[in-house]
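Asks: Letter by letter, the chains look like this.
Protein chains: 6
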Amino acid sequence: MTLIKQLTNQDEFIGYYLLKEVEIKQTNSTPPKDYLDLVLADATGELPAKLWDASPLDKETFFPMGLVKVKGLVQTYRDRLQVKIIQIRPAKTEDGVKLTDFIRSAPISSKELIHTIHQVMNGIFDTEIRKIVEFCVGKVEEKLEHAPAAKTHHHAYFGGLAYHMVRMLELGEFLCGQRPFLNADLLKAGIILHDIAKPEEMVAQLGIVSEYSLQGKLVGHISMASNWITEAAVRLGIDPEAPKVMGLQHLVLSHHNLGEWGSPVQPQMAEAVALHYIDALDAKLQMVEDALHTTPETEEWTPMIRGLENKAIYRLKP
Amino acid sequence: MTLIKQLTNQDEFIGYYLLKEVEIKQTNSTPPKDYLDLVLADATGELPAKLWDASPLDKETFFPMGLVKVKGLVQTYRDRLQVKIIQIRPAKTEDGVKLTDFIRSAPISSKELIHTIHQVMNGIFDTEIRKIVEFCVGKVEEKLEHAPAAKTHHHAYFGGLAYHMVRMLELGEFLCGQRPFLNADLLKAGIILHDIAKPEEMVAQLGIVSEYSLQGKLVGHISMASNWITEAAVRLGIDPEAPKVMGLQHLVLSHHNLGEWGSPVQPQMAEAVALHYIDALDAKLQMVEDALHTTPETEEWTPMIRGLENKAIYRLKP
Amino acid sequence: MTLIKQLTNQDEFIGYYLLKEVEIKQTNSTPPKDYLDLVLADATGELPAKLWDASPLDKETFFPMGLVKVKGLVQTYRDRLQVKIIQIRPAKTEDGVKLTDFIRSAPISSKELIHTIHQVMNGIFDTEIRKIVEFCVGKVEEKLEHAPAAKTHHHAYFGGLAYHMVRMLELGEFLCGQRPFLNADLLKAGIILHDIAKPEEMVAQLGIVSEYSLQGKLVGHISMASNWITEAAVRLGIDPEAPKVMGLQHLVLSHHNLGEWGSPVQPQMAEAVALHYIDALDAKLQMVEDALHTTPETEEWTPMIRGLENKAIYRLKP
Amino acid sequence: MTLIKQLTNQDEFIGYYLLKEVEIKQTNSTPPKDYLDLVLADATGELPAKLWDASPLDKETFFPMGLVKVKGLVQTYRDRLQVKIIQIRPAKTEDGVKLTDFIRSAPISSKELIHTIHQVMNGIFDTEIRKIVEFCVGKVEEKLEHAPAAKTHHHAYFGGLAYHMVRMLELGEFLCGQRPFLNADLLKAGIILHDIAKPEEMVAQLGIVSEYSLQGKLVGHISMASNWITEAAVRLGIDPEAPKVMGLQHLVLSHHNLGEWGSPVQPQMAEAVALHYIDALDAKLQMVEDALHTTPETEEWTPMIRGLENKAIYRLKP
Amino acid sequence: MTLIKQLTNQDEFIGYYLLKEVEIKQTNSTPPKDYLDLVLADATGELPAKLWDASPLDKETFFPMGLVKVKGLVQTYRDRLQVKIIQIRPAKTEDGVKLTDFIRSAPISSKELIHTIHQVMNGIFDTEIRKIVEFCVGKVEEKLEHAPAAKTHHHAYFGGLAYHMVRMLELGEFLCGQRPFLNADLLKAGIILHDIAKPEEMVAQLGIVSEYSLQGKLVGHISMASNWITEAAVRLGIDPEAPKVMGLQHLVLSHHNLGEWGSPVQPQMAEAVALHYIDALDAKLQMVEDALHTTPETEEWTPMIRGLENKAIYRLKP
Amino acid sequence: MTLIKQLTNQDEFIGYYLLKEVEIKQTNSTPPKDYLDLVLADATGELPAKLWDASPLDKETFFPMGLVKVKGLVQTYRDRLQVKIIQIRPAKTEDGVKLTDFIRSAPISSKELIHTIHQVMNGIFDTEIRKIVEFCVGKVEEKLEHAPAAKTHHHAYFGGLAYHMVRMLELGEFLCGQRPFLNADLLKAGIILHDIAKPEEMVAQLGIVSEYSLQGKLVGHISMASNWITEAAVRLGIDPEAPKVMGLQHLVLSHHNLGEWGSPVQPQMAEAVALHYIDALDAKLQMVEDALHTTPETEEWTPMIRGLENKAIYRLKP
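Line order of the protein sequences matches chains A, B, C, D, E and F.
Note that the numbering used here has the first sequence beginning at 1, numbered continuously upward.
Note that the numbering used here has the second sequence beginning at 1, numbered continuously upward.
Note that the numbering used here has the third sequence beginning at 1, numbered continuously upward.
Note that the numbering used here has the fourth sequence beginning at 1, numbered continuously upward.
Note that the numbering used here has the fifth sequence beginning at 1, numbered continuously upward.
Note that the numbering used here has the sixth sequence beginning at 1, numbered continuously upward.
What the hints contain is simulated information worked out from the structure, not anything from laboratory work.
Some hints here could point you the wrong way.
Just the calculated beta-carbon pair ranges, DEER-fashion [to be verified]:
(1) G307/C <-> K5/E: 34 to 42 Å
(2) I14/F <-> L236/A: 51 to 59 Å
(3) N310/C <-> P56/E: 22 to 30 Å
(4) T76/A <-> W301/D: 54 to 62 Å
Below are the DSS-like pairs computed for lysine-lysine, each with C-alpha atoms no more than 25 Å apart in a straight line [what the hints assert, rightly or not]:
(5) K217/C <-> K131/E
(6) K284/F <-> K244/A
(7) K217/D <-> K317/B
(8) K25/D <-> K284/F
(9) K71/E <-> K98/E
(10) K98/E <-> K71/A
(11) K98/A <-> K71/A
(12) K71/E <-> K59/E
(13) K25/D <-> K217/C
(14) K33/B <-> K25/D
(15) K25/C <-> K98/E
(16) K317/C <-> K217/A
(17) K143/A <-> K111/A
(18) K84/C <-> K59/A
(19) K317/C <-> K25/A
(20) K20/A <-> K71/A
(21) K84/B <-> K20/B
(22) K25/F <-> K71/D
(23) K217/A <-> K244/A
(24) K284/F <-> K59/B
Computed footprint of chain E on chain D; a stretch qualifies when at least three of its residues, placed anywhere within it, have a C-beta under 8 Å from a C-beta of chain E [unchecked claim]:
(25) 44-52
(26) 167-176
(27) 258-268
(28) 272-285
(29) 308-314
Glycine included, each C-beta is placed from N, C-alpha and C at the ideal position.
In isolation and in its complexed conformation, chain A is listed as follows:
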């Protein structure tokens, strides 16, 4: 079975894929004919596909996020690859394929990631800080198992957010060793809380974001997390204007560093500076890693990466 990432022009292939998008459209011909405009995906990438001359049955059979068996031909349309579907049918139980094999996900299992996050949380000495962090994590506990860290920018896959958090926690631990003036409780809390509202900011299924939620648009994950910290304090009987509460809110509010990047205040605590630069380092390197990973080994250059000044990455092998 051929992986999406390996398909090239003029390939004829058979395989199982995920239908990421399904839309009924009409051709320009007279009279216009219905066809299905699809996106085929697996864990290695995705490709647009057309099922010309779709029958009424076809139009009822296929739906987004369903698994299918496809026989197809790869063609070039406007300089991009596109699949012409020769045969297609829904996957059956006896085919033995399962959805989770077809989605991109973090290289570590969600369970392990969540376990690590809980361990770090338990290691926060300050009881009030720990309880506030636990309250906020509790709000998204379930979604954290699959939420991506972003729509497209970085860690945009199943478990991406938890993976990003764990990597940042490792880096934070290393830095606390290198620079003992950093307060480990604050840095841990900051790392766990900084993107904690993302699962409520975006509507995602299986790690794929379909849109921003109403709250995501009107309030945004940065202010949502700040509000959650206030809610946590009030519900836990902690003074919502105590310095440590402000400190946690400051870490969250300032982690995008600049106003034009979405932060209403700029970092003014050592841990806030650390948090922003740890976040940047991890996100940017992940963009590079993901781009290299989804680009065929035969290509010297990845596609352009929006989050890296729109530059492509070159594989130099000295």
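Since chain A is already given, all that's left is putting chains B, C, D, E and F on it; use the hints.
Replies: Below, chains B, C, D, E and F without anything else, positioned relative to chain A:
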């Protein structure tokens, strides 16, 4: 008695003034001598002043925010007016002067302004919105009687914030008449809440800001108000993620319009757009009015105004 | 008869519409066939439409700005609605439809708007200012009855410019009441003159701008209006460098506030500051109103609005 | 006699200088004493100077733009040279010094420059263009003999504007030879008109700008010149909206290239593009030349030049 | 034979053209058919073209950069002209057409341009500077005969780079006459070296750039030229950190003036300032000239030009 | 003996200090008197100091970078601490103080740092890369023992550059563990080379930068390092345009990430992205650490830090 605004170079004068700042410094002479570096103020403006050869008694007698009787001479130092003090003593009870006569304040009394704000609040139909607004106003009720709207930018005087709110409410009412699609409840609430955290963001006395508070620096008035709305909802038993709560938070969070001006989200409700532009119009016109008001009638140009692209304003009388 | 705004995918409909654009094109088929690429419009919006297999007669029958009777089917093409025309013929006299019913226009009649503008002009006390304003209005008197205020940004419809002026005059009157230091003559003149050259900057028919004029491109409406004020002064025997003439030119030249927004000088008179912010407030609220008005009631969000930081507007109903 | 440019720390010197600025100030001592705060200048540069213990007679004797004989000592104050005056008296007739020897001026005499400009004007073939140019030059004919091209930026000296125009005309002639598609009439007219309103935008004496005029602030030289072209057309009976009139206005309006640099429209004619880049090249090279000229030969680096990205210029002699 | 520039909608024509691009594609029809997607070019411009129903032989016959004889029909597709090919065959020897007649090239022959560059190089007095320049020119001697100065921006044709250099050298010579403080050796060297690495930065054939080279992307022509100067010095036994070597590197490194335009340092020598502004003037005027030249005489406006603030140029004929 | 960092207003103290700056100045008195304007420093900070009534002997006795014994009084001048010197004499051999005790330096000894750097260099597998790195390090071997990493921004002290390199190498090693796709040779080489030319870009003594060198201004450390890599390749017989040479140059050239921050190309290799963000993280955290370290423990806020968006850092102790 001569008003600060009327003093010109080489004037010799006697009058009562407020000591806005008092500092003990040393001259460059050998041996250096102590002198008092002062700022004299009244409701029309302020001027730096020097008391050369300050005696030990002088150093104990004068303190900031005290009233004094001064005999002085106006001189020019580095192109700016400065008072050389000839005689100075603290004001006495029998002098019959009172502090509030010497500070700049809004042209309408605080009582009246607060009354108007309460009237408008009472006119909010939606009970939950009204209660949330009342909760937030309740947090700063006392300070609202004197808080300025900013450190220097605009409405920087006794009662300036309440005055700004009342003027904006008038403008808001006019616009709701002109454009009935605007929701009056939301616009009223937005106007009252948008700067409601300013009295806690800045430390002010008699309308004069001395510095930003810790919370002001780490969280900022925009996020503080958003957090207060969450606190209000939780304490009042309203769902803190109900659409109307988000809506109020959106109005507050977006009222600076752009990220680089401090807003983590941009206006996405009709009332949010209205709020931002009403705020801008009122603040900018007040800067003009204040500058014209504190510039002697004999001057054609005001000083440069930072909030107006650093431009001075010309009095054209056609 | 179905309004454009109400049409949805798969609707079959009959109705009268305005042909806003008509173009003859060829299909990709071999041999290619001619078809008509059309834009159907009414007062509520517009939609692209195709007449496949256009006959030679068809190609001569239909022209832009003509009224037609159409039987059509709504389809989706690249995520946007598009009409497949089943039958089409020009409207006849006996159909009883008239052009002006099919174009978007200001909610107040041009006559009334122009009347109001004249009334305000007559109320300008300073004779020279009034005459200069009258001279400039005289240059576009006729076009003012239908000119839009912009190509797409705001008030982009029949009578939009006059409507924008009248709304701004109302707001200006309110502000002169709130802030008596504003000179009413200057503010009225500024509001009437600020966009007065727009009807000559853009080529428009029935409120629809087709392109910028040569003068619009090379000189621009801001400098055109400044030149007209000079011309008025010279022709009326007023010194073209008198302070009041400069003042009027300053109001016009500075009304976009910043150089990057097209103003060669920044506001330096109280009325110039007021003019800019009145203009901004009215234009932005109109963008919101127009977007809400042309978005079906069933949609919670309007499309993105370029003049509002590319944000969509949400209808929050608390 | 020692030139300003040659004075170094601890020099004692005698010579004639121009008093560019004179101000009476008071020392910090008790009681404060009057002293004169002066700026001494000659054609090679300027230095601040102090006359300590100024007598009442001194205060009446010295005034700006007067010539004086000075005996002084050069000292360092806050890292900058400053003259302590030992003796000073006004220059007398018998001293045989004259004002114009003490001011910086263009290296070619004003007469010659004006003559060249007239010659070029006479060479404009198109009668209407020539007459409009003549009308505008006529407005500032007298001031053109001494007006500088800017307050400090470039060509900031006696005759600087005419000198800038002549150099640009030479460069324009060269380019018309290199690129025959350029219209020489338009380019000549554009070069002569682009800064023609500067003598009315700034108040200058002997090539030294003291301030901007009211019209300079409210309208600015770019729009002033555009208005003058309109005035010229009206007074000369030429249609003020004829293409060639617009063309001339376009050249003037667009010559700063970008809105943030003061141009309300961007260059859209070949000659407008040429005009902007000729202006830039000549102004920037003159800044370099002036900086090298006023820096002692012994210095490798000039001071920082604001118009050249705040960079200093190094004299590399290979 | 009809030139590309002269073709208009519905023209039927026969002529010889260059195949600038050739791609095999499939139509949307069922089953899809192969067609050739072509770009026809000559020295006056280029047009997209389609050969519908391409035979297997067709697919093997036509290749990029080949000459063909075409009978075609001009149509409009999405508002742009496009050729429907009726007949096509490769050019034969007996047709007597040659490749170089079909490409855009500088108006002066490469031979002459290279000759002029060598003459100027020989005129550099300083032996070390001359040798370094010769070394760098030697690296691209052959490619200089055809290299364009840019991919699309300006001088994007056969010999464009050498032509740009020669024009700049003429302008440099004129300026050295006007301003004798400029060092002619440095200015000549700077002009020759500033873009000398461009032939290695971009991969070009017959003046047409297909892509950037690896070195072009990773190092860029500015740093490449700086490195070449170091290499030249080392290989020629000149101290690579001698002031004159730094000077040459400074000229190259600073010639884009600002960091955001690619220069790691800003101009800090008189000749560096001159170089940047000569480069800007020549490049911008060439953009204008090229746009006017490739726009039919009947058009008043050229297309928009990216390098000129995205403005079109108007042909004003007074 | 009191450390600079511990001195507060009105303290009288005795101790040994480093004279970081010494300048002879004159008072404003009549006649003016000479005084010494000094900067006292030790490893914890620095303070301005005045020796009033300096004798001729004083003026000859004290010089920059000398050690002195001082009795002084701390005063406040313009809101900043300043020392009035009561007694001062040069340190004598028998005082037993040595220069290196009085300068700020990295917390790890230069020897150790250099040793670590050599160890890492030896661990580079690719022979050519290792030799190029060694050649470049060899150029500044001696200066690396004391060179700071910047003038004021970060690591501005004795050994600061080597310290920055070592910390970055540790971080780089950690990341290579976390993300095995990173090439360790390239990342090590990039970290060592990225600022390797700084010791030649700035003139420094004991870790204190006095000014930029000529090469530092005209070429800059980024291009200098790129040129050195070329020189290394040529001298070592390696092709200067081999991919691995380009790769090293790319790492150096792109490490400031953006053009406006001084990088002529943007990161396009995984290791280049890592290098930039490692550099940013280490530099920013060091700014925080240095500011906290030099701020008295009693202060809650550090001074504003230019490299951190001009924000001060708050010590939150939860």
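Asks: Tell me the numbers of any earlier hints that the structure contravenes, in ascending order.
Replies: 3, 5, 8, 10, 13, 15, 19, 23, 24 and 25
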